[in-house]
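K.L.:
Residue numbers (my numbering), protein chains in the order written: chain A, 8 to 219; chain B, 8 to 219.
In case anyone wonders, no lab produced these hints; they're calculated from the structure. Bear in mind that the values here come from a model prediction, so they are computed numbers and not experimental data. There could be a bad hint or two in this list.
As the list claims (entries may be wrong) - Mimicking EDC-like on lysine to aspartate or glutamate, the simulated pairs with C-alpha atoms at most 20 Å apart in a straight line are:
#1 A:K21 x B:D153
#2 A:K197 x A:D153
#3 A:K126 x B:E134
Said to hold, decoys possible - Covered, in the sense of this in silico footprint (three residues per stretch, anywhere, with C-beta under 8 Å from a C-beta of chain A), are these stretches of chain B:
#4 57–68
#5 172–181
What the hints assert, rightly or not - Here are some, though not all, of the chain A residues that point toward chain B, as calculated from beta-carbon distances under 8 Å:
#6 M23
#7 K126
#8 A129
#9 P130
#10 N146
#11 M156
#12 H168
#13 I169
#14 T170
#15 A172
#16 M173
#17 W178
#18 T207
Using N, Cα and C, we set each Cβ at its ideal position, and we do this for glycine too.
Given next are the chains, with one letter for each unit.
Protein chains: 2
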Amino acid sequence: MAAKRGIGSLAQRKLMVLIDLDETLAAFEKHFMFKFREKYPNEPYIPVEKRNTFYIADQYDKLNFTDDSVRFELKKIYRSEYFFRDLPEIDGGCEAVKEMAEMEGVEVFICSSPLFQYKYSAPEKYEWVEKHLGPDWINRLILTRDKTMINGDILIDDKVHITGAMNSPSWKHVVFTASNNQNVKVKGEKLRLDNWTDGTWRTMIEDFKKRI
Amino acid sequence: MAAKRGIGSLAQRKLMVLIDLDETLAAFEKHFMFKFREKYPNEPYIPVEKRNTFYIADQYDKLNFTDDSVRFELKKIYRSEYFFRDLPEIDGGCEAVKEMAEMEGVEVFICSSPLFQYKYSAPEKYEWVEKHLGPDWINRLILTRDKTMINGDILIDDKVHITGAMNSPSWKHVVFTASNNQNVKVKGEKLRLDNWTDGTWRTMIEDFKKRI
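Bound-form chain A, shown alone (with noise of 0.2 Å):
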């Protein structure tokens, strides 16, 4: 009986897949670079590959403007009304996340971290979610500015340091490389996933369902 109860609970047992959403399934960078040059098309600006710091403020900052109120504007570009719902799919995002979600074992819900100037970034991130994915995934969506506190085995999202309330999550942060990331060395046991377009997404998840 002990043993009948043992193969229970490891038949219940499922990969609890966490996804980030902007940079991860949703082309922030992107554009956030389009909105910029359609505002501001005499002035210089950042290509998304030579994108380097998490926050855009940190390196746009230091571009020489023509007109110098543009550094105080940026913010004003992503807190806009539509700029979240807006946002392009990184390539093969969306697919890959809904074939996840049918593999045998695996359980996916989406995790993302509303702006502090929330108005229009949490709907629209209900919106995008619906609109890419699908109304199910409402039911998938979780908003929060502290991932530690969510329960998963992987948590995929590009940026490299997350930090919140514990200090100890549950989650192997898994890297997607973006350009903020590109020239930052993963260290320690996180793993990074390039794209979702080669197809190594299946082999990871595969190999840490071996691992529950």
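Assemble chain B onto chain A, guided by the hints.
P.N.:
Frame of chain A; chain B shown alone:
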């Protein structure tokens, strides 16, 4: 050195408390009744203290309305703009939560499920928390339709049956007494918290602190 490490870990371990919004801190039922009576002054209604189902429609649906179309309009009340923003406070809740967050060795997060019709409820929950608890609490609000995915030692929530993707959530459920659960016998390991005003919450939190 081993002992030192042990002490270090113990010293860092805090009691993680998750607290629900609707009907635990925010008076959903009272506001619904107010809005319903405002809209349908000539229709029968259910006084808050007689509400005895978790979902409003389950009980209101049994009333004999003069105009039968009323029963199809119920959900529109809480799906409307400003419904969640304007919820009054449950007596003593916000004061208790702020005091709890100041206790040594305790971390408090607000954990709330937005409506599937998220358009107003998602941003207005942030608005409510900002207004009633303060802007810092934006960082401590977690929106999720599956609370089993959230890490914590305790979840204080009026909903008696909380299920989700995790069969064994990390938290112990403390049922916050509300009209909808007043006749429900709380089973198993669950506790009850009857109010935020008689100070029993402090003893409860201190007891939990001793057990982690």
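K.L.:
Determine for every hint whether it applies to the structure shown.
P.N.:
Structure-based check of each hint:
A distance of roughly 16 Å separates the Cα atoms of K21 (chain A) and D153 (chain B); the hinted pair therefore holds under the 20 Å criterion. Between K197 (chain A) and D153 (chain A), the direct Cα distance comes to roughly 18 Å. Compliance with the 20 Å bound is thereby established for this hinted pair. Simply put, K126 (chain A) and E134 (chain B) have alpha-carbon atoms about 8 Å apart, close enough for the 20 Å limit, and the pair holds. For the region 57–68 of chain B, the stated coverage by chain A is violated: 0 residues have a C-beta nearer than 8 Å to a C-beta of that chain, whereas at least 3 were required.
As drawn, the region 172–181 of chain B meets chain A at 5 residues by the rule of a beta-carbon pair under 8 Å; at three or more, the given contact holds. Hint status for M23 (chain A) relative to chain B: holds, with the closest Cβ pair at about 7 Å, below 8 Å. Hint status for K126 (chain A) relative to chain B: holds, with the closest Cβ pair at about 6 Å, below 8 Å. At about 5 Å, the closest approach between the beta carbon of A129 (chain A) and any beta carbon in chain B falls short of 8 Å, and the interface hint on this residue holds.
A least Cβ separation of about 5 Å between P130 (chain A) and chain B falls short of the 8 Å threshold, and the interface hint therefore holds. The beta carbon of N146 (chain A) comes within 5 Å of a beta carbon in chain B, closer than 8 Å, and the hint placing it at the interface holds. For M156 (chain A), the interface hint holds, since its Cβ comes within 8 Å of a Cβ in chain B; the closest pair sits about 5 Å apart. For H168 (chain A), the shortest C-beta to C-beta distance to chain B is roughly 16 Å, which exceeds 8 Å, and the interface hint is violated.
The beta carbon of I169 (chain A) comes no nearer than 14 Å to any beta carbon in chain B, farther than 8 Å, and the hint placing it at the interface is violated. Restraint check, T170 (chain A) versus chain B: the minimum CB separation of about 12 Å is more than 8 Å; hint violated. A cut of 8 Å between beta carbons decides the hint on A172 (chain A): the least distance to chain B is about 5 Å, and the hint holds. Taken as an interface hint, M173 (chain A) checks out: its beta carbon lies about 6 Å from the nearest beta carbon of chain B, inside 8 Å.
The closest approach between the C-beta of W178 (chain A) and any C-beta of chain B is roughly 10 Å, which is over the 8 Å cut-off, so the hint fails. Of the supplied interface hints, the one on T207 (chain A) is violated, with its beta-carbon coming no nearer than about 25 Å to a beta-carbon of chain B, more than 8 Å.
Taken one by one, the earlier hints fail for this structure at numbers 4, 12, 13, 14, 17 and 18, listed in ascending order.
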